[in-house]
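Chemist: Those protein sequence lines, which keep their order, are chains A, B, C and D.
Here numbering that gives the first Met the number 0 is used: the first residue of the first sequence is 0, the next is one more, and so on.
Here numbering that gives the first Met the number 0 is used: the first residue of the second sequence is 0, the next is one more, and so on.
Here numbering that gives the first Met the number 0 is used: the first residue of the third sequence is 0, the next is one more, and so on.
Here numbering that gives the first Met the number 0 is used: the first residue of the fourth sequence is 0, the next is one more, and so on.
Don't read these hints as lab results, they were simulated from the structure.
Predicted model only: the values in this text are computed from it and were never measured.
Warning: the hint list may mix true and false statements.
Said to hold, decoys possible - Derived SDA-like pairs (lysine to any residue); straight-line CA-CA distance at most 25 Å: (1) B:42 / D:160; (2) C:5 / C:60; (3) D:27 / A:93; (4) C:484 / C:591; (5) C:172 / B:410; (6) B:460 / C:59; (7) C:171 / B:498; (8) C:401 / C:332; (9) C:172 / B:394.
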Amino acid sequence: MPEIGLNHFLIVSALLFSAGIGVVISRKNAIAVLCGVELILNAAALNFVAFNRYSTPDARLDGQIFTIFIIILAAAEAAVALAILLNLFQQTNTVDVDEADTMKE
Amino acid sequence: MGNDFSQTQDLISRGLAGFIPELVLSALVCVLLLADLFIRGVKPRTTAWIATIGLVLAGATLWPRLAASGEIFGWMQGGTQQGLLVTDRFAWFFQMFCLATALATLPMALDHAAFRARRMGEYHALVVAATLGMFMMAGAVNLLIAWLGIEFASMASYLATAFDKRDRRGSEGGIKYVIYGSVASGVMLYGLSLIYGMTGSLHYGAIAQQLQVSGASDLGLMTAALLVFGGFAYKMAAFPMHFWCPDVYEGAPTPFTAYLSVASKAAGFAVFVRFIAAFTTGEGPSFVAFGSVPFDASFGWPTLIAAAAALSMTVGNLAALWQTNVKRMLAWSSVAQAGYLLMAVAVYAAGRGRPSGGDLGPLIFYFIAYFFMNLGAFHVVTVIASRTGAQHVEDFNGLGRRAPWMAFGLTVCLLSLLGVPPTGGFTGKLQLLQTAVENHLVWLAVLAGINTAISAFYYFKLIRCMYLHENQAGLVTTGTTNAVLLALLVLPVLVLGLAFSPFIELSRSFGF
Amino acid sequence: MPDTIKIALLIVVLPLAAWVLGFAHAAFRRRLPACQDWISTVAVGGSMALSLWLFFTKVLPGGGMAAPEVWSCRWFAIGSGANAFILNFDVMVDNLTILMNCVVTIVAFLVHVYSRSYMHDEDRYPRFFLHLSLFTFSMLGLLVTSNLMMLFIFWELVGVCSYFLIGFFFLKKSAGDASKKAFVVNRIGDAFFMAGIFMIGGILSKQWPGEGVLSFQRIWESIALLGQGTGPWIGHETEVALAGVFIFMGCVTKSAQFPLHVWLPDAMEGPTPVSALIHAATMVAAGVYMVARMFPLMAGKGYTSGEFFDSPALWVIAITGGITALMSGTIALVQSDLKKGLAYSTCSQLGYMVMALGVGSMGAGLFHLFTHAFFKACLFLGSGSVIHAVHSQEMKDMGGLKKKMPLTYATFLVSCLAIAGTPLFSGFLSKEAVLGQAAAFGAHHQGVLGWIPFALAAATAFLTAFYMFRLLFLTFHGKPGNQHKFDHAHESPFAMSMPLVVLAILAVIAGGIALPGGLDLGTGHWFQDRVNDKVLVQQAMPESAAFKDMQAHMVHLHEPAHGANAAIASFHEHAHHVHAPVMYMSLAAVIIGIGGAWLLFVRRRHIDLVGGIPPLARYREVLRNLYYVDWFYCQRVVPTGKDIADLAKAFDKHVVDAIVNAVARGGAHVAWFAGRVDAIVVDGAVNGSGASMMALGRFCRGFVNGRIQDYVKYTVWGLGLLLIWAVLAH
Amino acid sequence: MDINMSTVMFFAFALLAVFPAFMVLFAKDIVRVAFWLLASLSGVAGLYIIMGADFLGLTQVLVYIGGILVLILFGIMMTSKDPLLKRARHVERSVVTGIVTGALVFAALAAVILGIGFESGKGRADGGATTTALGEALLTDYILPFEVVSVLLLFVLCGAAHVARRRKEGAHA
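Next up, chain A with everything else stripped away, as it sits in the complex (with noise of 0.2 Å):
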């Protein structure tokens, strides 16, 4: 068994950003569709962990403390969203963001 390096986590985080993109296409709950989101940010997330840890020339933080404006982010991001969407859903008693579509002409 290889040792673990890099391109593990890298891998992991790939997968982690493709599962997100498939998930913001394709479930048509808006909430699954956040859910989507965040699994795209934690894949960019420990990408700078992975880095922060096996490639960055010297001693310093910077990836991780990126990480950590990611998750406040993305915090802030699913309040906003929620708050926008809880009054969509007042107004359409949906949140099937296939029927948010009355928008296109």
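For this one, chain A is given, so just place chains B, C and D on it according to the hints.
Modeler: Chains B, C and D in isolation, oriented as in the chain A frame:
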């Protein structure tokens, strides 16, 4: 690291002193939010005045920074200066630009029918917050700050888009915006992480240095470039990240659409240009990573940007042909304008390293013109929509008779967007085309010319409706404030078209 | 500022003042002044008087103006130092400018007078004059400026005015469509024109950094330098040719040359006075004027030495002009609409002028432009008079009007004789000059190819006489086609017939300005002494060092004895040789043409030409369908675009199925798709149709279907495609 | 074959991160989606800890699992008429599109990652606890984004509250 606490305090006090405009804006956000919370029945006009005063104050404190240059809020690392933000004339211009946009859209918001007697303080707070984010975007020299600025502005924009709670289209536009924006941000983050992985730094200067010293994988940089470009293109509303644009523009309250189409795009270009500047050197090969390969023999930033420019303008103009909703039409038009502007960036990227290249003047001049012509167009659309409920092109029938000055202003702005002399849009486009040809992007210039021809269709459609089609409805009264704002927006369009030499010189001086 | 310049600028500014007056009134009072017609007419009358004064004091006496008056001031600069791009406000007045000013102001003035009667009952009557004033201003501005960029700006302005005026009856759908078509087709040429300008400016600004480089003088000087093997164009010979062709593309659209002539016949939807002023006499000639000013550029390297007859740009010009002349002439044979017939005749004559420039004779081309303006304006105004009388444009409703409208008939006849090239009329001299030059060109080339322009021109000369008299006979001779309309027909009022008479007189005597030197092409041709390329260039740059050198080498086209250069000498010898046969031939063409028309349409009273000449029957459909050019644009290109859009829709809808079934059906789909892409790319190159763009627009917009998840999907695919492209490009 | 502890832990956490991520794509009802996401994020937290980013691992658990997921569950409860409603049986076409696109994205990214061959010799080897270092960095070099984010959270909270507030007060307009 290794600062002890007293050093830290010192740094904070010294550093924050350089950030007075940002602090003013932050305070303004808080004041506006508090005003809505604690003053019962606060009038929209009151909060608008608070916002106006705050923005003017921020502008006044920003002014001295015109002389400052290159101060980075940063630290030493490995013998090089690293940091987060830079203050130079380029940043100053775009920061002032976004402030001015916020200021100019204030009266529009007051006029917006759906906003009357609402909690306007929160809306203004969101606009100011978005402006604060754009301040960061304009000065960012660090991947973290660039991304954070984009997110900051985006968050405020999502909320402002969905601000009118009774408007279903607002919520729909908001949810689309937030989903699309989050994906774009995720994609960009992934690209940023690759850059970080290849260079080990978040600071532009350090990244460029690292790339020059030890190079990096072409494949990796190409992928990272594409993914990161996705995030920037989303902010600029350029191909291939333009999809959100029509829906969000239609759904958002019109004053905010105006703000979005001008300030947000400008900030996107600012952050992108600075990023590009770090990633293209001044010595021939413009994509550092491609070492000895000259840029036109390989894929690089200029090629990527030129392709995106070509596709943006073509897609935007073609799609706009079908649009009957005025706001959507202007949305597609703004996609096309992003294409023209990207042309300037492509020229800039291609021209770095040539004696005649690397000039950001045309881009900045076009933005000055764009500020007036696009805001002017949106101003008229807002005013007319709030008075008559006009949404579609046909609703503008006979406007030439019903509101002659408004119609005239809109006509001038549309002609300028189209690029007809003697308007600022013409001068701006002329410079873009000229520099494109000088830098051997003749095909792009010809394509832009053809695109201008295509765009004539839909701009003229609106003009024709206003002047040649009859509508028996009575006169539209517009009010003094609106007339003054209209004059302030439209006259410069003509000035920029007639006496532009000083402005051209001025815009050149804002480059770096 | 020299006096001449002051007067020339005054000529330009007067109509502008009329426009500004009306516009200001409209802006503040919300309606145009009721007396806008008077304001505009007086303004253009003033311009005409000043133009004529310049003509009689400057051009007529002596050998005309010895040197042009030039004046310029800085308009703006982009950039600074060596990279600066400077645009000057250049004004130049020479013989050609004054002559063209006279043409424009005379025709414009007469059209103003005519319109006061013709348009009087229309809605928006004052606005019509507002447009006319703006147009006159732009056209005059185009003539006095000597800077390519300024010229382009005025060029656009006249285009916009034309757009407004074609669509003046915008409630009629066909008028709206026609104006849109004219606008879009013209933008194609403009895009090329602009590219050509930038190519020139980009290179010249390196030679003369920090100076205004797009002035005519600079361009001529750079070509002169090229002839001596120095200057900015060395190593860029291909670009000279390419820039020439690009700039010529502007002329192709503005002067309605094949294959972008399709807008001009449709432009006849505009009011008839507009057709006379803009789409017959002045604006459409702007393309010819512009090419004439740029003649040295088109001629390229060999210009100085006179060995420019092989210049690729000139060949393109000559062949395009010839094809246009012949093709439009044949289409004119079968038109049943009086104005459309005249429109195709205009195309044909414009082709004639362009061809004359292409065979190297700027003087002949401009001379024809000059004479053509008067008789064509007269023909159009005459047709307006007829239409006014019978309220129809169809010739089947006309016939026998000779007795009812004697004055109109007489002027129409004079103009027909002139355009056909009958001796004693102006058209004879100019047409014969063109033919003579084309023949000399052929003889000089000593090959079959060289005779192509002449062959096209000669055939056209015959056709011109034939179809013009067909129009005349069908309208004024024979029996009334519609008795009711005939009974109500009457001669037009004085305000309309007076311009006709003036123009008819000019159609006779305009050629007279060529007379003092005799008819001979070789020696002392009045017009060509004042207006030809060598004179133009020599006069224009007396200061320049390059000019001094060039003068030493310069061979005067019209003084063969002077000719140190064998090529020029031989050309002149040829010109002398062919001169007499050409004259006889053109006379024969006139006689046969008029005679044939008389036999067919007076003796045997055929309305439909095809019935008269059996061999033509098989081409009947071709001609009736205007050589399928419009058909090609509208029927082929547009549906292809729509197919692509449908395909895209289907592609989008069934993409998953497609992946599943790809193996089975992929091949066929790919082949079909490739065929379609080929069709759109190849056809798209000449695509002038708005509808096709609409189809493409629907394609682009089809992606934005309101569903956010699809947006994300397309975005990811878009980025993926870019990545693939990047990897491949790398 | 030498199987050491860290290898086993990596694979355990990687599986915990990746498998639930795909179940988010396939899960039949929205509540399950949320819980699969929880599992996946815990896996990521584990991976952080393996890489010596202890503070991040903890933050991931606290903020994501304690905050964001609760938020999402609230969202589900407020919007779903029947949160356990199963998705239609047949595989929707869009899911196929999602899978295909996701697979292509993964193929491209994997090819790039393996093709680049990142240097991995350097980096921050086991440097002990990171909390102090992170705190110092946040209060010195990164003080600016730190402060900025606080403003962001403030206006996001107020704005979100405004947008999500029930509409009965809309009548006062």
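Chemist: What are the numbers of the hints that this structure violates, sorted from low to high?
Modeler: Violated hints (numbers, rising): 4, 6 and 7; every other hint is consistent with the structure.
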